[in-house]
Amino acid sequence: LNRKPEKKKVATTVAEAAAGSRAGSFSVALLAAIVVAVVLVGGFLVYRNMQNDKAKSRGLGKLTAKSAETRPDWASKDTPFSAFCNDTADGGMSCVGVSSPAPTEEDALDEAQEAALEGIANQVAVRIEDPQWKRMASIWAQTRQARMAEYEKDPDSTKTRRAIRDSRKQVTSLLRASAGAAVPQAPTGKYFEEYENADGKRYLYFVEFSLSASELKSMVEQYGHTEKVMGVTVATVFPMVAWRYPAVTKGAVVLGVEQGELNGIGLASGYVVLEVGDNTTMGAVNDAVQFKEVAQNLYDKIKVAGGPFQFRVQANSTEPTMFVKNIPAPKKVEPEGGGSHSGSGGSRPTGPTGPINTWDRVGGSRGGGRDDPTQ
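Sequential numbering from 1 applies to the sequence shown in the working numbering.
In short, the hints are calculated from the structure, not lab data. Please note that a few of the clues may not be correct.
With a straight-line cut-off of 30 Å between C-alpha atoms, the simulated DSS-like cross-links for lysine-lysine are [to be verified]:
| id | residue 1 | residue 2 |
| --- | --- | --- |
| 1 | Lys153 | Lys201 |
| 2 | Lys303 | Lys332 |
| 3 | Lys201 | Lys250 |
| 4 | Lys301 | Lys331 |
| 5 | Lys228 | Lys201 |
| 6 | Lys292 | Lys331 |
| 7 | Lys190 | Lys201 |
| 8 | Lys228 | Lys292 |
| 9 | Lys134 | Lys303 |
Pair ranges (Cβ atoms, derived) [claimed, not checked]:
| id | residue 1 | residue 2 | range |
| --- | --- | --- | --- |
| 10 | Ala141 | Gly59 | 28 to 38 Å |
| 11 | Glu105 | Lys228 | 44 to 54 Å |
| 12 | Val333 | Gln145 | 53 to 63 Å |
| 13 | Gly189 | Gly59 | 18 to 28 Å |
| 14 | Gly59 | Lys217 | 39 to 49 Å |
| 15 | Gly264 | Lys77 | 42 to 52 Å |
Glycine included, C-beta positions come from ideal geometry on N, C-alpha and C.
Whole structure, please, built from the sequences with the hints as guidance.
Shown next as structure tokens:
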């Protein structure tokens with residue numbers, strides 16, 4: 001017998017048709033989702049690589065030369081005209097400065113060194129834990145942040161770039177002058193890249209300065225030291241002050257004013273005392289220790305006879321201001337029994353009031369004879 005071929009079974013109900021449709025749709029949707037995910041991940045990786053490439057050659061042009069085959073590991077960030085610092089395994093610190101795209105190799109090197117050293121000063125300030133000392137940061141923080149924001153907004157601004165360079169140069173000068181051997185005289189690492197674009201050659205320089213744990217500790221202790229005299233707490237001028245007061249190279253920064261002989265003169269937190277004196281002479285203040293010594297000695301001298309106690313102070317971004325406290329002369333104490341009398345004989349002794357018995361003075365009462373007027 002010939003068997004009839006079986007007909008393919010088809011869905012005879014709506015439910016069976018829907019179930020089959022859902023299974024097929026799920027498989028297609030899953031496959032589509034996988035494809036989309038792969039595309040997105042791949043696109044993200046490509047985008048990230050493109051961004052990294054842009055960061056490394058942002059507006060610089062074509063890379064034409066470099067000082068080493070590959071960038072050193074310490075040159076891990078390449079944002080132009082910036083600095084970054086990292087802690088080292090031995091408790092020290094490494095700070096790296098990156099130049100702007102400079103027209104000469106020498107100019108780029110100077111920029112990178114100044115950026116790195118200014119970064120060291122900034123990190124030392126961060127590591128000083130005294131809350132009263134940290135008030136000093138109010139002097140420079142706003143000015144520094146504003147100038148860096150201006151550069152990020154317009155990196156091609158020659159005026160902004162010059163202002164930042166001048167501030168960093170002055171900070172570097174003060175740091176080297178005051179920190180001494182704690183700051184390395186030469187970088188521990190240097191690397192540069194040469195680019196070429198329509199404007200000519202441009203150089204991007206990286207400079208690293210490394211500090212040992214002892215060097216870093218020495219700087220934190222030195223700059224964090226404070227002194228207190230007659231109710232005023234001061235610290236030596238910190239290099240970062242140059243961001244706001246480029247002409248200030250020495251002095252004592254006021255951190256707080258309490259009850260004392262100097263209260264009421266007008267000194268306030270953030271003011272920089274440059275000179276101290278009286279109505280005849282003014283003497284420069286180099287640091288906090290000298291301010292304490294000079295101010296106390298001068299006050300003790302002035303209060304003997306009274307007179308003006310003067311302070312030349314940098315209180316804002318304009319010219320320094322003179323603060324004066326008039327020390328009153330001590331009150332004269334009158335001797336008991338009245339004042340002195342003029343004359344060659346000096347002061348005359350006083351005696352009992354009333355009639356004076358001259359006879360008794362000359363001893364006449366001792367004789368008891370007939371010449372005694374009392375007889």
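Hints and how they fare:
1. Lys153 to Lys201: Holds, at about 23 Å.
2. Lys303 to Lys332: Holds, at roughly 13 Å.
3. Lys201 to Lys250: violated, 40 Å
4. Lys301 to Lys331: Answer holds: Lys301 to Lys331 is near 16 Å, not above 30 Å.
5. Lys228 to Lys201: Distance of about 55 Å is beyond 30 Å: violated.
6. Lys292 to Lys331: holds, 27 Å
7. Lys190 to Lys201: holds, 19 Å
8. Lys228 to Lys292: holds, 7 Å
9. Lys134 to Lys303: violated, 34 Å
10. Ala141 to Gly59: 28 to 38 Å: 29 Å Cβ-Cβ, so the 28 to 38 Å window holds.
11. Glu105 to Lys228: 44 to 54 Å: Given a distance of about 49 Å, which is inside 44 to 54 Å, the answer is holds.
12. Val333 to Gln145: 53 to 63 Å: holds, 59 Å
13. Gly189 to Gly59: 18 to 28 Å: holds, 25 Å
14. Gly59 to Lys217: 39 to 49 Å: Given about 41 Å between the Cβ atoms, the range holds.
15. Gly264 to Lys77: 42 to 52 Å: Holds: the Cβ-Cβ distance is about 50 Å, inside 42 to 52 Å.
The structure does not agree with the numbered hints 3, 5 and 9 stated previously, though it agrees with the rest.
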